[in-house]
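One letter stands for each residue in the lines below.
There are 2 protein chains.
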Amino acid sequence: MATDQLSVTFAALADPTRRAMLARLAQGEATVSDLAQPFDLSLPAISKHLKVLQHAGLVSQGRRAQWRPCRIEPAPLKEVAVWMEGYRQFWDESWDRLDAYLEALQTEEGEQGA
Amino acid sequence: MATDQLSVTFAALADPTRRAMLARLAQGEATVSDLAQPFDLSLPAISKHLKVLQHAGLVSQGRRAQWRPCRIEPAPLKEVAVWMEGYRQFWDESWDRLDAYLEALQTEEGEQGA
DNA sequence: ATGCTATTTAGCTAAGTAGTGAATCAGGAG
DNA sequence: CTCCTGATTCACTACTTAGCTAAATAGCAT
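Sequences listed follow chains C and A, in order. Anchor point for the first sequence: position 50 equals 50 in this note's numbering, and the numbering is continuous, going up by one each time. Counting the second sequence from 1 gives a position; this note's numbering is that position plus 1000.
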């Protein structure tokens, strides 16, 4: 398995359960049981998913009595955003519009030339 | 393994070899051998990585004689970008600045109150 | 037909992942 | 101290992934 940060982050995000947990944490702190509640999974399974998210640095965990409140951490998402930036031309709609625009321009020129 | 599109895409991106192949394809079409060239991997290994990328819809393959020219496909990247949008508040720097700004405001208010 | 180059498929191994239940640790509360 | 709740670790099973070599397929060139 790849161990570079970006690979670990992508791998952590490659699971709908973990993304749902992250979505829940985007709304604020939650305990492990809070996170487990929507799923038909054992607590150990949730704990494991959580560990994957922590290992990726996407989530940090505190302690309050017997609870382990979890928070979302922005750094790895930022790294993904930076990586995505390098491919913006492929996914940004405005680029598609620009592409269509340039194509239209070229067509006009062709018609003028004919 | 999760089979939803986003999970498959993230899983495909969770490998530095595959991301490097994608980076190469971002510069234009390439054959399988072209893609294999920078790596110390057997051709079958590259072919497998390529299949993962194709299965994620990130790459499409044509045929020209005995070559299979590969192209990058934008749709799954777009889906990732859309997903990321939902977390912009966590990774966008301007949010950090806003956060700092609000914090500064609150500190000022506190000092005024004291 | 034969061969040559590009690529894929098959069959295998080693290692990693996702889930389970049982047991254990952490930390109040009676 | 003992019990109860929250959470983790352990030991195990089923499955997937990444790599390899060897063999097969695709398509041009002779």
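Heads up, some of the hints might be wrong.
[Claimed, not checked] 20 Å max Cα-Cα, derived SDA-like pairs, lysine to any residue:
| # | chain 1 | residue 1 | chain 2 | residue 2 |
| --- | --- | --- | --- | --- |
| 1 | A | Lys1051 | A | Leu1041 |
| 2 | A | Lys1078 | C | Lys48 |
| 3 | C | Lys78 | A | Ala1002 |
| 4 | C | Lys51 | A | Thr1017 |
| 5 | C | Lys78 | A | Asp1015 |
| 6 | A | Lys1051 | C | Trp95 |
| 7 | A | Lys1078 | C | Ala81 |
| 8 | C | Lys78 | A | Lys1051 |
| 9 | A | Lys1078 | C | Met1 |
| 10 | C | Lys78 | A | Leu1006 |
| 11 | A | Lys1078 | A | Ser1007 |
| 12 | A | Lys1048 | C | Asp92 |
| 13 | C | Lys48 | A | Leu1041 |
| 14 | A | Lys1051 | A | Ala1020 |
| 15 | C | Lys51 | A | Ala1011 |
| 16 | A | Lys1078 | C | Lys51 |
| 17 | A | Lys1051 | A | Thr1017 |
| 18 | A | Lys1078 | C | Ser7 |
| 19 | C | Lys78 | A | Tyr1087 |
| 20 | C | Lys78 | A | Pro1016 |
| 21 | C | Lys48 | C | Ala23 |
Don't read these hints as lab results, they were simulated from the structure.
Check the hint pairing Lys1078 (chain A) with Met1 (chain C) against an upper bound of 20 Å on the C-alpha distance.
With a Cα-Cα distance of about 26 Å, the restraint between Lys1078 (chain A) and Met1 (chain C) is violated, given a limit of 20 Å.
Tell me if the straight-line CA distance from Lys1048 (chain A) to Asp92 (chain C) falls inside 20 Å.
violated, 29 Å
Measure nothing beyond the straight line between the CA atoms of Lys1078 (chain A) and Ser7 (chain C); if it is 20 Å or shorter, mark the hint as holding.
At roughly 19 Å apart (the allowed maximum being 20 Å), Ser7 (chain C) and Lys1078 (chain A) satisfy the hint.
Starting from Lys51 (chain C), check that the Cα of Thr1017 (chain A) is at most 20 Å away, please.
Roughly 25 Å separates the two Cα atoms, so the pair is violated.
Straight-line Cα separation of Lys78 (chain C) and Leu1006 (chain A) no greater than 20 Å?
Cα-Cα ~18 Å, so holds.
Pairwise hint evaluation, Ala81 (chain C) against Lys1078 (chain A), where the allowed Cα distance is 20 Å at most
Holds. Lys1078 (chain A) to Ala81 (chain C) sits at ~12 Å (cutoff 20 Å).
Please work out if Lys1051 (chain A) and Ala1020 (chain A) have their alpha carbons no farther apart than 20 Å.
With a Cα-Cα distance of about 15 Å, the restraint between Lys1051 (chain A) and Ala1020 (chain A) holds, given a limit of 20 Å.
Given the hint that Lys78 (chain C) pairs with Pro1016 (chain A), does the C-alpha gap stay at or below 20 Å?
holds, 18 Å
Is it true that the CA of Lys78 (chain C) sits at most 20 Å from the CA of Ala1002 (chain A)?
violated, 24 Å
Lys1051 (chain A) and Thr1017 (chain A) were given as a pair; does the straight-line alpha-carbon distance stay at or below 20 Å?
holds, 13 Å
Does Ser1007 (chain A) lie within 20 Å of Lys1078 (chain A) when you go C-alpha to C-alpha?
Distance of about 14 Å is within 20 Å: holds.
Holds or violated: are the alpha carbons of Lys78 (chain C) and Asp1015 (chain A) at most 20 Å from each other?
OK: Lys78 (chain C) and Asp1015 (chain A) at ~18 Å, within 20 Å.
In this structure, the earlier hints numbered 2, 3, 4, 6, 8, 9, 12, 13 and 16 are contradicted, and the remaining ones agree with it.
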